[in-house]
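Novice: Take a look at the letters that make up each chain.
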Amino acid sequence: MSWPLFLLIAAPVIAGLGSLLVQQRRAIEVLQCALAGTMLATAALVAGQVIAVGEVFVGDFLQADALSAWLDLILGFVGSSGTLYAVGYVGEEMDRGHLSLRRYSQFLCLFDLYLATMLLAVNLDNIAILWIAIEGSTLTAALLIGFDRSKAALEAGWKFIIVGSVGIVLGLFGTILVYYSSEHILGVSNEALRWSQLYRVAAELDPAAIKAAFIFALIGYGTKAGVAPMHTWLPDAHAEAPTPVSAMLSANMLTIAVYAILRFKAITDRSVGPEFAGKLMIGLALLSLAVSAIYILVQRDYKRLFAYSSIEHIGIALLGFGIGGIGVFAGAWHLMNHALAKSTAFYGAGLVFLRYNHKSIDRVTGLLGQMPVAGAAILVAGIALAGMPPFGLFTSEVLIVAGSYTVRPELAYVFLALLALAFVTLLYQVLRMVLGAPGEVGTSLGSQCRIFTSAAVGINIVALGIIGLYVPPGLETMLASIVKTFGAGIMAAR
Amino acid sequence: MLQTITLVVAQIIVLLGISPFLVGLIRKVKARLQCRRGAGIFQPYADLAKLFRKQPVVSSTTSWIFTATPYILFASTLSAGLLVPTFASLTPLSFTGGVIALVYLLALGTFFLILAGLDAGSAFGGMGSSREALVASLTEPAMILSIFAVAMTAGSTNLSTIVHKTALLESVVTDPAPHLMALAALCIVAIAETGRVPVDNPATHLELTMIHEAMVLEYSGRYLALIEWAAAMKLVVFLSLIANLFAPWGIATTLTPAAIGIGLVAYLLKIAGLAVLIGILESMIAKLRLFRVTELLGAAFILALLGVVFFYILRG
Amino acid sequence: MALSSIDIGSQLVNLSSALLLIACFAIVTLRRLSSCINVYILQSVFLAMTAALVAFFTDIHHIYISALLTIVIKAVAIPLILKKVIERSDVNRDLEMNVNVPSGLLICGALVILAFFITQPIIPLGFLLTRDSLAIALAIVLIGFFIMIARKKALTQVIGFLVMENGLFLGATAAAYGMPLIVELGIFFDLLVGAFIIGIYTHQLQDTLDNVDTSKLTTVKE
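Protein sequences appear in the order of chains A, B and C.
Residue 2 is where the first sequence starts when you use my numbering, and the numbers rise one by one after that.
Residue 54 is where the second sequence starts when you use my numbering, and the numbers rise one by one after that.
Residue 80 is where the third sequence starts when you use my numbering, and the numbers rise one by one after that.
This is chain A alone, in the form it adopts within the complex (with noise of 0.2 Å):
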């Protein structure tokens, strides 16, 4: 029985809703920041436990083995400080009368209630329980996105609550169509749904039930992942949502996407081979590498910008697991760095959008000058987001190259050639926005945002930093340990 796992889940869901019960603005925020530690802590603690043992338990419904650790991790770290961006930012919205107390509660609660949901999506050995909590998010999400009832909002809501629930259906075909093969050897019961059964006996399954199942859960869970084509909801849900929603959904939830598709291609690969789901996912991977280096040239929205970058960056970690043996090293640790980058870009984004009330890069100059912790928000999660040392995002990039080399050097190539295009167009759009001369004054912020987001900005810069520079034994082994489950792929097997 282990406590932290509990108490990682158990935490978000008290906060939340004692954050809807008591209306008073200083228990909440205190409420919250307690949250923030709690969950920072018990992910640490999990980590650590995964790392002695293997893996971890509660009870006979929540298990974790080193891939969900990893996840605790990210989820963890970045929830915790989301959580407080989140505060700080609803926090000024309320101080300008733009929200009542009453949805300053809600939006926390809902805020809170969905990195539950994420948190438990990943602590799961059932698939189909992970689908129910991957659903469930996309739910609180949708009420998280349409929050401020603006048309754009509605509409981007609408889209993504329709697209991802599509997507989420085929998910679910593709749960059945597993369970469906694995009901002749585990029996019709619980056991045919539990992924280490699965993966135990994935070679007896049934390879066309697997191989039309591994097709639809990459179509279901790689359109919650944004991979193209299935990428439309993606960039109007991040602009039109609140930032701190944005952040956690181009952190958080591509990031447990993503998962969900592993947990699928490791049954897989044991059962038909690594080729067929690696070279799928290296196809999808490429076309959104391609989609969104061709969108992020022609952007004027910051956030969509942003949003754009998270397609790339998911298309890159796919590419990386779609490789295998190293690409899967590889694409964990981008995994990691593009979680914390990406929700330092969207903090430093949420900040601008407060002092000024638009989201044109044209418009916005100098925030160096102006708004330094924005600033250095935006410079430094650009400059990781596009890939350039010291920090980790360049190291999974380059190995991930190597291991495409490896595979077929055209491949290689082309990669390149791709990422090459976003890094120049997001770093010129970035330090454009950075660099120069200040323009426009705005409405300055509250002291007590700025204290907020300042140190949630702060704890993200610092951890992108240490752990682009060096890594941490204990992620080391926990990175070995999943490139030894999940490892299978077109490069290992050559």
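Some hints here could point you the wrong way.
[As the list claims (entries may be wrong)] Below are the DSS-like pairs computed for lysine-lysine, each with C-alpha atoms no more than 27 Å apart in a straight line: (1) K340/B <-> K162/C; (2) K152/A <-> K162/C; (3) K323/B <-> K83/B; (4) K340/B <-> K323/B; (5) K340/B <-> K103/B; (6) K485/A <-> K212/A; (7) K81/B <-> K103/B; (8) K81/B <-> K340/B; (9) K280/A <-> K162/C.
Rather than coming from a laboratory, the hints here were simulated on the basis of the structure.
We have chain A; now place chains B and C onto it with these hints.
Specialist: Just chains B and C, lined up with the frame of chain A:
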């Protein structure tokens, strides 16, 4: 030989005798649902008798087609009726043809009726004929395909063979999916071909809504009687098809008197039941606008096509 | 085809699955939203019937509970929510289509054939129930997806989504003997909350935009 002749005569008597009763039954059901008493169930017999006594009036601008059509229509519909199993699964003339003969005999009658509608040169007639041509051209493929879907289970297009084989199989419905599709398609086709709501309203004489009625507007006397009777027999033919292809229980598979007796009773019950259902359906839904009729018939075609496809896929 | 291989259980399940498929076609052809919802209710009843048949022939009793839940949630609760939304937004006029009805039906026919080809290589589970139910389930999912993209009003997208869920449930029940009860409960709960949220959204869309025509949802672009 004697047996064949007896069967032929018996089937003719059944067809001729049952058809006005069915029409009367449908009208009675509709009347009751409209909260009025309506005419008696046997009123159509009286109507036919009256029409036969009256002197027909024929427009001077018509040709031989106008006067020949009622006889052609009557004869073709009756022959088509003889191809369809009614109370016994072995029809007397089954050796002469199967589904295709059935469809084209009915089409022959329709064709002449369309020509007759044009013959008198009135606007209503031409309009009715063009609409009827539209409906007929769309129902024909659907009808053939839906009967094919059932024929493939039995391995023959001969209707009596199909019914015989289906009746002998003890299971509920042998291949449910193709049969269900075919049934749905055939029901829609039956409604379209016999001119029932929602395709055509048999009780109206409004220009906007007539199809069949528009074509026969010029007829009177014995010609009208023959046409009405032929229309009633077409209804019986379709109802018999639906009843016996998809629910052939009770039909006489051997020609013993007992079996024939049971078969007759079962048959009467089945088509009376179907007639009541038609009456209820007509009272429930409104007539469709003409361009929507094409959508409905397109749907029937797709269903029938799927029935055939299902059969192949489920076997393969 | 030998008589002895025809199993009455699988036949009845096939029959009710085929009824579900016909209901799908009906939804594609209907033009008024309230008629679509009525056919959806009918389809959910058929679905519950199928589930009950599966439960009866396989002796897996928790599927009865799923059948009951299907009726309560899909045939009663969700249609009620949707009908309330319709009352408020007055979208009952003719539904505009992106694809006209005959072409739509042809596409649905093609989707059915596609579904059969996809599921053909999958080895059947063997004993009682056939893999045809899985094929029909996939066909219903694909047709539901088509309904979502072939119509313009926001609410018909919801109907399409619900039809997809019905197809899924058919697949899970008839082909895979029903998922474990807790999974079914979770899925139903999600579905109910989802319908509720969509109701909220349509209500707010109505208030803000004064119509729920998705072809007009084009502000956010590129």
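Novice: Run every hint past the structure and note whether it holds.
Specialist: Hint-by-hint comparison with the structure:
Simply put, K340/B and K162/C have alpha-carbon atoms about 25 Å apart, close enough for the 27 Å limit, and the pair holds. A threshold of 27 Å between alpha carbons decides the hint, and for K152/A with K162/C the separation of about 24 Å falls inside it, so the pair holds. The suggested pairing of K323/B with K83/B holds, with an alpha-carbon distance near 18 Å, which does not exceed 27 Å. Between K340/B and K323/B, the direct Cα distance comes to roughly 26 Å. Compliance with the 27 Å bound is thereby established for this hinted pair.
A hinted pair counts as satisfied when its Cα atoms are at most 27 Å apart, and K340/B with K103/B does not qualify at roughly 30 Å. For the proposed pair K485/A and K212/A, the alpha carbon gap of about 22 Å is at most 27 Å, so the pair holds. Taking the CA atoms of K81/B and K103/B, the gap is about 20 Å. The hint holds against a cut of 27 Å. Note on K81/B and K340/B: the hinted pairing holds, with a Cα-Cα distance of about 19 Å set against a maximum of 27 Å.
A hinted pair counts as satisfied when its Cα atoms are at most 27 Å apart, and K280/A with K162/C does not qualify at roughly 46 Å.
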